[in-house]
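Asks: Residues per chain, in single letters:
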Amino acid sequence: MALRTEPFFLNIGPVHPSTHGVFRMRATLDGEVIIDLEPVFGYLHRGIEKLAEERTYSGVIPLTDRLDYLASMSNNLAYVLAVEKLAGISVPERAEYLRVIIAELQRIASHLIAVGAFLNDCGAFFTPFLYMFREREKIVDLFEMVSGQRLLYNYMRIGGFTQDIPDEFLPALDKFVRQMPTFINEYDRLLMENEILLARAKGVGILPEELAINISASGPVLRASGVKWDIRKADPYSIYDRFDFEIPTGTVGDCYDRYRVRVEEMRQSLRIIKQAMAQIPSGAVRSEVPHLIRPPAGEAYAHIEAPKGELGFYLVSDNSIAPYRCHIRAPSLLNLAALREMIVGWKIQDAIIIFGSIDITMGEVDR
Amino acid sequence: MTVSLSVGEVAQQITERFPDVIVEADDTSIVVNSESLLAVATFLKDTPGLDFDYLSAITAVDYYDYFELVYQLISITHNHSLVVKTRCYERENPAVPSIVSLWQGADFQEREIYDLMGIRFDGHPNLKRIVLWEGFEGHPLRKDYL
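Order-wise, the sequence lines are chains Y and H.
The numbers in this note's numbering rise by one with no breaks, and the one at position 329 of the first sequence is 329.
The numbers in this note's numbering rise by one with no breaks, and the one at position 10 of the second sequence is 10.
For the record, the hints were derived by calculation from the structure and aren't laboratory data.
To list a few chain H residues with every Cβ distance to chain Y over 12 Å, as calculated:
1) G8
2) A11
3) Q12
4) T15
5) E16
6) R17
7) N33
8) L37
9) A39
10) T47
11) E90
12) S98
13) E137
Within a straight-line C-alpha distance of at most 27 Å, the following computed BS3-like cross-link-like pairs (lysine-lysine) qualify:
14) H:K143 <-> Y:K50
15) H:K128 <-> Y:K50
16) Y:K228 <-> Y:K274
17) H:K143 <-> Y:K85
18) Y:K228 <-> Y:K202
Don't be surprised by glycine CBs; every beta carbon is placed ideally from N, CA and C.
Full structure from sequences and hints, please.
Replies: Here it is in structure tokens:
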């Protein structure tokens, strides 16, 4: 006679080292296998969309830093692009190139953490993570050079930047761009065919192509499922149409593919930075924009390919100095919707890896 | 480059199939009446040539007189986009049809709108607060909240 069993509820989080912030999963288990899962979040909700309605257009920029705090520059970029679209403001050529350089550096920095934390979840306890952090540190140093900050940069402005880059920036960037490929190759060799990584990540947490599209996944999560969709190519913003780069995609949509896509994207980002460095003109980095702007009444939606996926800002103006409505389309939140689909059927130890492979930041999920 | 579909052409296709559902159309978006939202969305998703397979974002705006829901649709197949809107004039107990059955990506976003703006989505499988706690009073993103 079969043993009579019943489902068991397990609460994971909100404070748990592998949940990348304050995030809770309410899992229903049948033995070790997860049969249902409900993500619970909101612990970091600060009401940024509401706060934005009380601030001037420039005053919202520091708030955007606090969305995905591992990719502040990308958040700045998406927001200022939306305001520029709304108010019809143009940006000097030098600032456009700088934006591309900085957004791509930010992508590398964010992917380094994503990959490092993912390997951490796989059981490579903090060794790869610290190496990734060592490389990220070089990018943070570059950002400190231009903005004076190391995490929440608040560097971009409507119409350009707060200030031009210092003279030592481009030589330091050049050094970084020359060193970085060696680093990526070295660690890729170590990890790409690592038996433990393959055993734990290959074939685990598969997100099929059709579901990935239907569930509005974006960024590396969508591309790992085999969808060649990158906003930098599909709907080029800033000056991305001037650069030559590939869109890395996966084939199966498992955790390993998501990891591979991120590593390849770092290589492509370096390619873009090299081209931008070679072409960057001199000149102003900010167009003449008054401090308080009153965009004409109307609305605008601007989206960018942030490190974690499609980051969009929907702004409504009523011709006053503050946005009437500022909605943030956060890639982490929508990628999280795919979590249940990926995890159900896997064991509890796989859940941690699958969750890590999505790469979310709670600041962006809760806003 | 994502082509913003000519609203006029799409509007005509919709009107041929469903007369009188389009309330308003400007250069960038179409506004449909909320009762027909699900039918129009199904049409946009399944019609060959339109194939809006990707729901980029949903949001709601409180204009005091009415709530406006904004759907950013993209077709990954054809790389074109369309903005569909619908309005909800009820303030006490506003409701619109849910589109989770078409795009699963709408799930969290509709829950978020319900949580912060207080609009119910009929047909949503799990409509409850998402970022605020159960028992929170009011809907903070409404303009009359503070």
